[in-house]
Amino acid sequence: MKRIVLATLVVALFSGAAYAGALKLGSQSPLTGQYAADGNDIANGARTAVEVVKAEGGIKGFDDIILSPQDDACDPRQAVAAANKLVNEKVSAVVGSYCSSSTIPASEVLDEAKILMITPASTNEKVTERGFKYMYRTCGRDDDQSKAAVAFMKDFLKAKNVYVVDDKTSYSQGLADNVEAGATAAGIKVLGHEHVNQGDKDYSAVLTKVKEANPEVFYISLQNSATGALMVIQAKRMGIKAALMGQDAVYHPQLMEIAKADAEGMYLTFGYTDENAPAYKKFLAAYSAKYGKPGAYSAYAYDSAMAYLMAVKAAGSADPDKVRAAMLKLDFDGASKHMKYKENGDSGSNYIIQKVAGDKFINFWNPETGKLY
Amino acid sequence: MQFFLQQFINGITLGGVYALIALGYTMVYGIIQLINFAHGEFFAAGGYLGVILLTWLAAQGLPPVICIALALVLAMIYCAVLAMCVEKVAYKPLRQSPRLSVLLSALGMSIFLQNGLMLTQGVYDRAYPTAMTSGGFEVGGILVSYMQIFIVAITAILLLGLNALVFRTRIGKAMRATAQDKTMSALVGINASHIISLTFAIGAGLAAAAGIMVGFYYGSINYSMGFVPGIKAFSAAVLGGIGNITGAMLGGFIIGMVEIFAAGYISSEYKDVFAFIILILVLYFMPTGIMGENVDDTRV
Numbered sequence: 001m002k003r004i005v006l007a008t009l010v011v012a013l014f015s016g017a018a019y020a021g022a023l024k025l026g027s028q029s030p031l032t033g034q035y036a037a038d039g040n041d042i043a044n045g046a047r048t049a050v051e052v053v054k055a056e057g058g059i060k061g062f063d064d065i066i067l068s069p070q071d072d073a074c075d076p077r078q079a080v081a082a083a084n085k086l087v088n089e090k091v092s093a094v095v096g097s098y099c100s101s102s103t104i105p106a107s108e109v110l111d112e113a114k115i116l117m118i119t120p121a122s123t124n125e126k127v128t129e130r131g132f133k134y135m136y137r138t139c140g141r142d143d144d145q146s147k148a149a150v151a152f153m154k155d156f157l158k159a160k161n162v163y164v165v166d167d168k169t170s171y172s173q174g175l176a177d178n179v180e181a182g183a184t185a186a187g188i189k190v191l192g193h194e195h196v197n198q199g200d201k202d203y204s205a206v207l208t209k210v211k212e213a214n215p216e217v218f219y220i221s222l223q224n225s226a227t228g229a230l231m232v233i234q235a236k237r238m239g240i241k242a243a244l245m246g247q248d249a250v251y252h253p254q255l256m257e258i259a260k261a262d263a264e265g266m267y268l269t270f271g272y273t274d275e276n277a278p279a280y281k282k283f284l285a286a287y288s289a290k291y292g293k294p295g296a297y298s299a300y301a302y303d304s305a306m307a308y309l310m311a312v313k314a315a316g317s318a319d320p321d322k323v324r325a326a327m328l329k330l331d332f333d334g335a336s337k338h339m340k341y342k343e344n345g346d347s348g349s350n351y352i353i354q355k356v357a358g359d360k361f362i363n364f365w366n367p368e369t370g371k372l373y
Numbered sequence: 374m375q376f377f378l379q380q381f382i383n384g385i386t387l388g389g390v391y392a393l394i395a396l397g398y399t400m401v402y403g404i405i406q407l408i409n410f411a412h413g414e415f416f417a418a419g420g421y422l423g424v425i426l427l428t429w430l431a432a433q434g435l436p437p438v439i440c441i442a443l444a445l446v447l448a449m450i451y452c453a454v455l456a457m458c459v460e461k462v463a464y465k466p467l468r469q470s471p472r473l474s475v476l477l478s479a480l481g482m483s484i485f486l487q488n489g490l491m492l493t494q495g496v497y498d499r500a501y502p503t504a505m506t507s508g509g510f511e512v513g514g515i516l517v518s519y520m521q522i523f524i525v526a527i528t529a530i531l532l533l534g535l536n537a538l539v540f541r542t543r544i545g546k547a548m549r550a551t552a553q554d555k556t557m558s559a560l561v562g563i564n565a566s567h568i569i570s571l572t573f574a575i576g577a578g579l580a581a582a583a584g585i586m587v588g589f590y591y592g593s594i595n596y597s598m599g600f601v602p603g604i605k606a607f608s609a610a611v612l613g614g615i616g617n618i619t620g621a622m623l624g625g626f627i628i629g630m631v632e633i634f635a636a637g638y639i640s641s642e643y644k645d646v647f648a649f650i651i652l653i654l655v656l657y658f659m660p661t662g663i664m665g666e667n668v669d670d671t672r673v
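Those protein sequence lines, which keep their order, are chains A and B. For the first sequence, this note's numbering gives the first residue as 1, with consecutive numbering after it. For the second sequence, this note's numbering gives the first residue as 374, with consecutive numbering after it.
Be aware that one or more of the hints could be misleading.
[Unchecked claim] A few chain B residues facing chain A, derived, Cβ under 10 Å:
(1) V496
(2) D498
(3) L532
(4) G592
(5) E642
(6) F658
[Said to hold, decoys possible] If you want the footprint, here are the derived chain A segments under chain B, 3+ residues with CB under 8 Å:
(7) 204-216
(8) 228-242
(9) 247-253
[Stated by the list, open to error] Below, a sample of chain A positions facing chain B; criterion: calculated Cβ distance under 10 Å:
(10) L31
(11) G33
(12) A259
I should point out that these hints are in silico values taken from the structure, not numbers from a laboratory. Just so you know, even glycine gets a beta-carbon here, dropped at the ideal spot from N, CA and C.
Construct all of the structure, not just a fragment, from the sequences and the given hints.
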């Protein structure tokens with residue numbers, strides 16, 4: 001008797017998991033740990049897209065759309081575990097991850113299982129340069145980001161030298177190396193390139209070095225806005241007079257919440273988003289009603305999930321190859337930017353220089369035209 | 374020279390924080406031979422309670438000095454009570470069990486407390502009202518912030534207070550007696566159970582003070598902030614000779630200094646490596662740490 005009950009339970013469990021006719025997608029991002037803020041922005045962005053599509057009547061041929069958010073803690077090992085879990089849950093696409101160092105190993109698992117992976121935030125070049133068929137990227141690339149940063153240093157700030165600090169992740173160090181190489185090529189002297197550890201709070205030793213070098217620009221490439229804020233506070237306290245420059249991972253409202261007046265006037269590279277466009281307004285209304293103020297990558301995650309759902313709608317099935325073909329045909333105005341994926345999975349970069357003014361980021365300088373906004 | 378002195382001041386500040394946390398590890402180890410992995414969490418909890426109290430007290434229109442003093446004292450009391458509860462729930466029932474069980478219980482408690490903080494306080498970093506303590510002065514090109522003076526002063530006061538408590542009072546004597554021999558001290562009328570609770574409470578109170586100071590110094594706190602300083606402070610306690618109070622203070626300052634100087638003169642990338650190399654070298658030549666762990670008189 002016991003055995004029959006057990007067997008029934010097991011069958012019930014499995015039939016429950018494989019919900020008939022539902023479209024299942026996953027998300028993976030750091031929901032815990034020090035990058036939890038950005039990770040939750042991504043999960044919430046994907047949730048919003050699913051909610052919006054469901055509220056508008058869902059997708060023909062599917063009873064329901066289910067999102068399974070996983071935590072990878074920005075740890076390569078956990079990222080692979082999360083990807084394997086999503087493979088077992090039989091999802092057809094994954095939005096994520098945040099850290100390039102998680103996206104790269106996770107995509108190897110997902111690509112083999114023919115599951116589409118769309119990263120809203122991993123900017124390291126390698127993400128789309130490994131010839132993976134099912135890998136897409138909604139944000140820009142670090143080689144483009146570093147070009148925008150160097151152009152700003154050279155053409156606008158007219159800087160003669162720069163000091164670079166990173167925190168040793170695939171993303172932050174990769175970007176910092178690009179900036180170093182770009183600056184050297186542009187005739188800007190790199191006075192030093194230091195690495196700090198993830199999880200550090202005390203930057204006094206490194207900042208004392210920066211102060212002694214007395215650079216014109218201090219380029220901060222950290223994996224997170226909270227650590228970026230700590231470095232900005234300590235740099236100001238140390239009396240560093242250089243122009244502060246950051247990048248997309250430091251770009252988050254959290255920077256000003258923590259660093260307050262110390263962040264004033266800091267320059268950051270981030271993709272251009274037209275916040276007056278109807279697509280952004282629609283996203284903002286749906287997102288903020290449930291999840292509050294969007295973070296840096298909320299809109300990108302929303303667009304990533306939206307692009308997938310639109311591709312499924314167009315293809316009429318969740319078959320990976322049909323969806324892939326439909327993905328490449330997409331051409332629409334997303335919340336974050338104009339969405340059009342290329343053959344390699346990239347969707348183009350549109351980095352501009354933004355500046356901190358009060359508790360807001362304002363569009364400041366356009367590297368394409370070399371003009372102020 | 375200027376560079377050296379600036380780094381020296383940075384090192385003293387960081388060392389003070391490590392020393393305060395290290396004391397909690399060492400006191401608990403001294404008395405029940407337990408490495409209290411949950412100790413870093415009291416540090417984080419203290420930081421959070423500090424910011425909650427500071428915001429509330431400042432809203433009542435109190436002057437900053439009183440706000441900070443009240444927040445410090447209340448957060449220390451809160452964490453002391455929290456530590457006594459943790460001890461009651463997670464360690465006391467295991468007093469007669471093998472040491473490994475208690476160690477696992479401590480690890481579990483650490484995960485529980487950290488996730489509890491995450492659920493109640495959120496995953497975002499919390500900003501500290503740093504305006505209360507901003508500013509500083511320059512002496513011969515060396516920048517000293519009021520915050521650094523504040524940290525060093527509070528650390529010194531707490532360390533001296535603790536020394537007086539342990540070596541000059543009846544409670545301190547009872548603590549030292551319990552550390553030497555629990556059964557014997559019980560026979561002469563010391564309530565070992567109370568003394569153990571008290572030790573946990575004092576250690577957690579010091580960690581809470583460190584949490585608030587770190588919040589002020591760095592400008593923000595988050596729920597997972599206890600882990601890294603916890604590991605460093607534990608190393609400091611081992612370096613000084615675990616179980617030895619003076620050793621923990623010394624260890625804290627040494628680890629802080631080594632980290633800062635390694636970052637300043639070699640590379641910040643390798644600062645942890647140097648901190649741990651020092652730890653390994655000291656343990657290789659002095660297996661019981663700098664001050665030794667079996668000097669019974671100074672052990673708690």
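Hints versus structure:
no.: 1; hint: V496; result: holds (4 Å)
no.: 2; hint: D498; result: holds (4 Å)
no.: 3; hint: L532; result: violated (20 Å)
no.: 4; hint: G592; result: holds (4 Å)
no.: 5; hint: E642; result: holds (4 Å)
no.: 6; hint: F658; result: violated (27 Å)
no.: 7; hint: 204-216; result: holds (count 6)
no.: 8; hint: 228-242; result: holds (count 7)
no.: 9; hint: 247-253; result: violated (count 0)
no.: 10; hint: L31; result: holds (8 Å)
no.: 11; hint: G33; result: holds (6 Å)
no.: 12; hint: A259; result: holds (7 Å)
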